[in-house]
Every structure is written in C-alpha cells, then in structure tokens.
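S.K.: Sequence:
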Amino acid sequence: MKKILFPILVLLVCLTASALYLQNKQQHFSIKAQNIVSDYLEGDIIFQSSQSNQCKAVKLATHSEYSHVGMITFVDKKPYVLEAVEPVRLTDLETWKAHGTGGHYTVMRLKNRSTEILDTEIPAAQALGKKMLGTHYDLYFNWSDEQLYCSELVWKIYQRGYNVELCSLKKMKEFDLTSPEVKAIMKQRYGNKPPLEEDVVAPSDLSHSALLYEVEKK
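If you count by mature numbering (1 follows the signal peptide of the UniProt record, and there is no 0), then the sequence shown holds residues -19 to -1, 1 to 199, one letter each, in order.
Note that these hints are calculated values from the structure, not bench results. A virtual CB, placed ideally from N, CA and C, is assigned to each residue, including glycine. It cannot be assumed that every hint is accurate.
[Stated by the list, open to error] Here are the simulated lysine to any residue pairs, SDA-like style, with alpha carbons at most 20 Å apart: (1) K164 - D119; (2) K112 - E67; (3) K112 - V56; (4) K59 - S45.
[Stated by the list, open to error] Computed Cβ-Cβ distance ranges for the label pairs, DEER-style: (5) N173 - K199: 19 to 29 Å; (6) S33 - N173: 41 to 51 Å; (7) T72 - H189: 31 to 41 Å.
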C-alpha cells in the first residue's frame, strides 16, 4: 500500500509545484505589462518619423530625424497620443508607435516634472487637449488656433495648460529652406510669397529643449 501511495504523493507534489510556478510566472508577466504602461506619464512627449513628402521636407529643413510629435494622455487609464493630423485626434499608443518608420519612436519628459506639472493642472491641460480635438491640420504652419500642426499643438498645451514654454519659437526663415524637396513644398503651398517671418516650432525644437530628457528610445 505504501508503495502505491508514495508515487501518488510525489505526483501530487509535482503538480502543485508546477501550478504554483505557472501562476507566479503569469503574475510576473502581468505585473511587467502593467509597469510598461505605468512607465509613461501624462504629458510625456513622443516623437517619430515617416516617409511622406512633407515629413522628408521637415527633416531636411530642420536637420532632424523627427518629423512628427504628439503628447501622451490617459483616457480611463489607457494611454493614447494626442496628435495633430487631419484632424486633431486621439490615437491608441501602440497603434501610434507602429505608424513610425520601422516602428521607431522616442519618448521625452520634463526634467522637473514633479514640480513643473501639478496634479491640479492636469485636468485643465486635458480639457484643453479635448477642446482641440477635431481641429483641422494646418498645412501652412500658421501660428493660430484655427488650424494646428503637430509641434504647435504640443507647445501650446504645455504653455497654456502647464505654464511651461518648452522652447523659443523660430521664424520660418531660420530653417534650412534650400533643398529641392523643401523648395517644392514651399512653392506648392505659398507660391512666391512664403511667410518667412511666421512664428514656427518644429518637432526638432521640442526634442532639443533643455527642459526635457529622454525616457525611452526604440
């Protein structure tokens, strides 16, 4: 009888150990997945690049790898990217990442976020972003609220929602407008009268901000 019970006992011990191992492993991956999401914070700024003609022109004019930028925001604890495309919209974070060339992206954050972004300011900044939803994309890079382009949206939310100016504005003439690709875009949109004195902010200007540091790059 003992000879029969001993193998059964060993089998039960092994099965119990296996079940506990699998349970702990599942909990580990669940916690790890939660940490990946929680690594991002409200207001984090995310950059990427793509291969459209405009994006190529932006990279040439700014001498930067980035041609698009958005801001991470949370809706019901789920991360989205608020971005100025046509029109301004919320895009699921993982979907947004996949839109970039090769799936590459960079996330940046305020160096002094804990003091620069107060908990009481976040709802107001989110409300400002919500108000911008549906706004048409600004192909002409005008500094107005009637239409918005990507880096303009992020800059204005930080300036108006958090009272933080991420960088100084530039004049359009300060960018490199000499390449054939840039000249073609300028000619198509402005004819012979480009607004060279227009205030502009590019994704590269935000990425070079002394107020930000890199959180993640892929």
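S.K.: Now tell me if each hint is right for this structure.
M.R.: So, going through the hints one by one against the coordinates:
1. K164 - D119: With a Cα-Cα distance of about 18 Å, the restraint between K164 and D119 holds, given a limit of 20 Å.
2. K112 - E67: Holds, at about 15 Å.
3. K112 - V56: The hint holds at about 15 Å.
4. K59 - S45: The hint is violated at about 30 Å.
5. N173 - K199: 19 to 29 Å: Violated, since N173 and K199 (Cβ atoms, about 42 Å apart) do not stay within the stated range.
6. S33 - N173: 41 to 51 Å: 24 Å, violated
7. T72 - H189: 31 to 41 Å: Distance hint for T72, H189 is violated at roughly 24 Å.
Consistency with the previously given hints fails for numbers 4, 5, 6 and 7, ordered from lowest to highest.
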